[in-house]
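Student: So the chains spell out like this:
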Amino acid sequence: AAGVIQSPRHLIKEKRETATLKCYPIPRHDTVYWYQQGPGQDPQFLISFYEKMQSDKGSIPDRFSAQQFSDYHSELNMSSLELGDSALYFCASSGRDGVNEQYFGPGTRLTVT
Amino acid sequence: DAKTTQPPSMDCAEGRAANLPCNHSTISGNEYVYWYRQIHSQGPQYIIHGLKNNETNEMASLIITEDRKSSTLILPHATLRDTAVYYCIVNKGGNYGGSQGNLIFGKGTKLSVKP
Numbered sequence: 002a003a004g005v006i007q008s009p010r011h012l013i014k015e016k017r018e019t020a021t022l023k024c025y026p027i028p029r030h031d032t033v034y035w036y037q038q039g040p041g042q043d044p045q046f047l048i049s050f051y052e053k054m055q056s057d058k059g060s061i062p063d064r065f066s067a068q069q070f071s072d073y074h075s076e077l078n079m080s081s082l083e084l085g086d087s088a089l090y091f092c093a094s095s096g097r098d099g100v101n102e103q104y105f106g107p108g109t110r111l112t113v114t
Numbered sequence: 026d027a028k029t030t031q032p033p034s035m036d037c038a039e040g041r042a043a044n045l046p047c048n049h050s051t052i053s054g055n056e057y058v059y060w061y062r063q064i065h066s067q068g069p070q071y072i073i074h075g076l077k078n079n080e081t082n083e084m085a086s087l088i089i090t091e092d093r094k095s096s097t098l099i100l101p102h103a104t105l106r107d108t109a110v111y112y113c114i115v116n117k118g119g120n121y122g123g124s125q126g127n128l129i130f131g132k133g134t135k136l137s138v139k140p
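First to last, the sequence lines map onto chains D and R. One gets my numbering by counting positions in the first sequence from 1 and adding 1 to each. One gets my numbering by counting positions in the second sequence from 1 and adding 25 to each.
Be aware that one or more of the hints could be misleading.
[Said to hold, decoys possible] Keeping only pairs whose Cα atoms sit at most 25 Å apart, straight-line, the calculated DSS-like set for lysine-lysine is:
1) D:K53 to R:K117
2) R:K117 to D:K58
3) R:K132 to D:K58
4) R:K132 to R:K94
5) D:K58 to R:K28
Since the hints were made in silico from the structure, they are not lab data.
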């Protein structure tokens, strides 16, 4: 079965640079979630989109923005990168089945040097 | 903050049942109990969820107490590949608008399955 696709899988950036992470949800899933997992930490919710509209916002820095496109894929844009942004970034998708089973992608490992 | 409490770690012998407890004493009537697991640095994996009744699927069973203040995830025959951090999460579900669907991960239980 098709899973959530994230690209790139690994990304190395320098401080103050920008990065764009992409997420392709499972076909027919209309909701996308972004989570950040720092080293040794648990995943933290950043932001979510439903039908291309932002639906929830968590602890996402103002330097980050995201959107969901007409084909339901989503992009997380990160600017003015800081060392503390080094983390795993997971995207998850869910369908309109009413019980919110979220299916996670393999993640993008971002390293800021 | 997470609305659940789990033991930080547990061990289980391969082939035996792993019983992972979770306390969620402040759960609301319309909130589900979800279980996810994360195998080292992989994306979290959905396991099972329930509202009031016990549930079983191909991966696990979920036993929810009658007062819904606690639950137990049961892996009937644990294998080495079940070694992971297991998260018990309370969530409203009902994701039609996406709102409130985000998962709040607590510390979870690190399950180590040993040969």
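Student: Against each hint, give a clear statement of whether it holds in the structure.
Tutor: Now the hints, each set against the structure:
Under the criterion of a C-alpha separation no larger than 25 Å, the hint pairing D:K53 with R:K117 is consistent with the structure, at around 21 Å. Between R:K117 and D:K58 the alpha-carbon distance is near 16 Å, which keeps this suggested pair within the 25 Å criterion. Between R:K132 and D:K58 the alpha-carbon distance is near 21 Å, which keeps this suggested pair within the 25 Å criterion. The hinted pair formed by R:K132 and R:K94 meets the criterion: a straight-line CA distance of about 18 Å does not exceed 25 Å.
At most 25 Å may separate the alpha-carbon atoms for a hinted pair to count; D:K58 and R:K28 meet this at roughly 19 Å.
In this structure, every one of the numbered hints holds.
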